[in-house]
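Protein chains in written order, with full-length UniProt numbering: chain A, 1 to 247; chain B, 1 to 247.
In short, the hints are calculated from the structure, not lab data. Please read all numbers here as calculations on a predicted model, not as lab measurements. Worth double-checking, as some hints may not be accurate.
Identical copies go unnamed one by one, so any copy, or any two together, can satisfy a pair.
[What the hints assert, rightly or not] Below, in silico cross-link-like pairs of lysine-lysine (DSBU-like), each with a Cα-Cα straight-line distance of 30 Å or less: (1) Lys-217 x Lys-53; (2) Lys-53 x Lys-240; (3) Lys-207 x Lys-145; (4) Lys-229 x Lys-145; (5) Lys-229 x Lys-207; (6) Lys-145 x Lys-217; (7) Lys-217 x Lys-229; (8) Lys-240 x Lys-207; (9) Lys-207 x Lys-217; (10) Lys-207 x Lys-53; (11) Lys-229 x Lys-53.
Here is what each chain is made of, one letter per residue.
Number of protein chains: 2
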Amino acid sequence: MARTQPLNQEISLTVIKTACSNCNLRELCLPFGLSIEELTRLDDLVSTRRRIKRGDHLYRAGEAFDAIYAIRSGFFKTDVLLEDGRDQVTGFQMAGELLGLDGISTEHHTCNAIALEDSEICAIPFSRLEVLSREIHTLQHHFHKVMSREIVRDHGVMMLLGTMRAEERLAAFLLNLSQRFTARGFSHAEFYLRMTREEIGSYLGLKLETVSRAFSKFQEEGYIAVQQKHIRILNVNGLKALMNHQR
Amino acid sequence: MARTQPLNQEISLTVIKTACSNCNLRELCLPFGLSIEELTRLDDLVSTRRRIKRGDHLYRAGEAFDAIYAIRSGFFKTDVLLEDGRDQVTGFQMAGELLGLDGISTEHHTCNAIALEDSEICAIPFSRLEVLSREIHTLQHHFHKVMSREIVRDHGVMMLLGTMRAEERLAAFLLNLSQRFTARGFSHAEFYLRMTREEIGSYLGLKLETVSRAFSKFQEEGYIAVQQKHIRILNVNGLKALMNHQR
DNA sequence: GCGTTCGCTTGATCCACGTCAACCACGGTA
DNA sequence: TACCGTGGTTGACGTGGATCAAGCGAACGC
Numbered sequence: 001m002a003r004t005q006p007l008n009q010e011i012s013l014t015v016i017k018t019a020c021s022n023c024n025l026r027e028l029c030l031p032f033g034l035s036i037e038e039l040t041r042l043d044d045l046v047s048t049r050r051r052i053k054r055g056d057h058l059y060r061a062g063e064a065f066d067a068i069y070a071i072r073s074g075f076f077k078t079d080v081l082l083e084d085g086r087d088q089v090t091g092f093q094m095a096g097e098l099l100g101l102d103g104i105s106t107e108h109h110t111c112n113a114i115a116l117e118d119s120e121i122c123a124i125p126f127s128r129l130e131v132l133s134r135e136i137h138t139l140q141h142h143f144h145k146v147m148s149r150e151i152v153r154d155h156g157v158m159m160l161l162g163t164m165r166a167e168e169r170l171a172a173f174l175l176n177l178s179q180r181f182t183a184r185g186f187s188h189a190e191f192y193l194r195m196t197r198e199e200i201g202s203y204l205g206l207k208l209e210t211v212s213r214a215f216s217k218f219q220e221e222g223y224i225a226v227q228q229k230h231i232r233i234l235n236v237n238g239l240k241a242l243m244n245h246q247r
Numbered sequence: 001m002a003r004t005q006p007l008n009q010e011i012s013l014t015v016i017k018t019a020c021s022n023c024n025l026r027e028l029c030l031p032f033g034l035s036i037e038e039l040t041r042l043d044d045l046v047s048t049r050r051r052i053k054r055g056d057h058l059y060r061a062g063e064a065f066d067a068i069y070a071i072r073s074g075f076f077k078t079d080v081l082l083e084d085g086r087d088q089v090t091g092f093q094m095a096g097e098l099l100g101l102d103g104i105s106t107e108h109h110t111c112n113a114i115a116l117e118d119s120e121i122c123a124i125p126f127s128r129l130e131v132l133s134r135e136i137h138t139l140q141h142h143f144h145k146v147m148s149r150e151i152v153r154d155h156g157v158m159m160l161l162g163t164m165r166a167e168e169r170l171a172a173f174l175l176n177l178s179q180r181f182t183a184r185g186f187s188h189a190e191f192y193l194r195m196t197r198e199e200i201g202s203y204l205g206l207k208l209e210t211v212s213r214a215f216s217k218f219q220e221e222g223y224i225a226v227q228q229k230h231i232r233i234l235n236v237n238g239l240k241a242l243m244n245h246q247r
């Protein structure tokens, strides 16, 4: 129950609750590996928290960059828009993941970040993060790892877009979501999609009809059960086999 | 004429020549923006230089990561291999660009880096880079920008793979190469491709035949002149128009 | 309650690119 | 000079996924 405007005697309680040092995502998020003492120094830095309503932008392409954002709760997508009107979803982000790393390069955001459900984020002023990471080696190193992980993730998506066919892409997508939900303590076999078929398609380089057909196919094969956005995975190995099966 | 094994009285000369502080790529590479004094500190760190023959690996996926590499001269590709045998080229890198950033995340390289022509690289021990970037703020910030730029670049490739058709992809590819050659003082309109049609196709998510056909088409249209790997761009705007033209 | 909208599914058709195959140009080697 | 291997081009054909179109159920506003 974090509040942007805590009241009276609740203040200290709320502050404790919303601090990195007390956040149950800290092992997934930026604070990973920090000592208690280091955590409290990070708490000072990550003081701004904000709620973003479903459908609202956290930031837009072109805006000046001055902070990265950690997702405290909720679900986001990032997308890029080309001059000619085409756009593509470049990623879906969930609690504990960072948003805005792309903005460091030009000091302007290069994509839009949009909440797919009511969400809460922690703003991390970037210049202050640089200062602190000079002092806390663990923080510096972990931040580098996070950026590098993003690069590796993107290579995975390039692989997917470049070499996989429609059903393989969707299988890979579902398995990836499942694995990330698991890491957050949710069921690996049952979850709600926060995004539409069109957004999935955009991310996977497919049209929404193709995504829909692939879902139906998976259901027929008994790999999953689909009800709108509610997904149950019935046969993980089936999906995995599908993914690794050379054309 | 930098040598790995400089002789006698040439030593001091060679050392000067291969130092970051005297490298003509320093404005493109890691040393960007550093003062003279800072540059000499970076020189200490970047002491190992190595030649990589055409076709040889700089590193392989799975190997332990302990350094990133700046390309001093030459041309590389990076590729990823899936278990099922599929592979994809994830990038082409030229002088002044960094290789190995993907390895930070897991402390193992996640792709292969292969020289496409005889090349020279500077090895930058990563842990020492972290130490130095705590002391030199400019270096720290620029390194972050470089990593971020890599992320932005990858988003561009995802865009290309997800939304563009064959000819648009190839046009984007040629324009990107041209722009990077220009930044290095080479002709923007005339260059040699270091990679095969198959490697281009792998990078662009196309088959080599499709790449070849697109080259022929561009030639017919008068946009470029192709002779094997020798490319002359005759109509930049034609290529640009092609790229931005919604399907 | 009812209409409207949005997201999704499914079918029919089309086409861009993959696949298969033949052939050619170039460079290295015997 | 002849031979061979590698990389590139081009043609004929097949197909996976895009496109176009119709219909349906759930959510929402009135």
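These are the hints, each one checked on the structure:
1. Lys-217 x Lys-53: neither (34 Å within a copy, 49 Å between copies)
2. Lys-53 x Lys-240: neither (35 Å within a copy, 38 Å between copies)
3. Lys-207 x Lys-145: The answer is neither: 34 Å in one copy and 34 Å across copies each exceed 30 Å.
4. Lys-229 x Lys-145: Classified as neither; 33 Å inside a copy, 38 Å across copies.
5. Lys-229 x Lys-207: within (17 Å within a copy, 35 Å between copies)
6. Lys-145 x Lys-217: Result: close neither inside a copy nor across copies, 38 Å intra and 43 Å inter.
7. Lys-217 x Lys-229: within (16 Å within a copy, 44 Å between copies)
8. Lys-240 x Lys-207: both (22 Å within a copy, 25 Å between copies)
9. Lys-207 x Lys-217: Result: close both inside a copy and across copies, 16 Å intra and 27 Å inter.
10. Lys-207 x Lys-53: within (27 Å within a copy, 44 Å between copies)
11. Lys-229 x Lys-53: Within one copy only: 19 Å inside, 52 Å across.
Going through the hint list in order, the structure does not satisfy hints 1, 2, 3, 4, 6.
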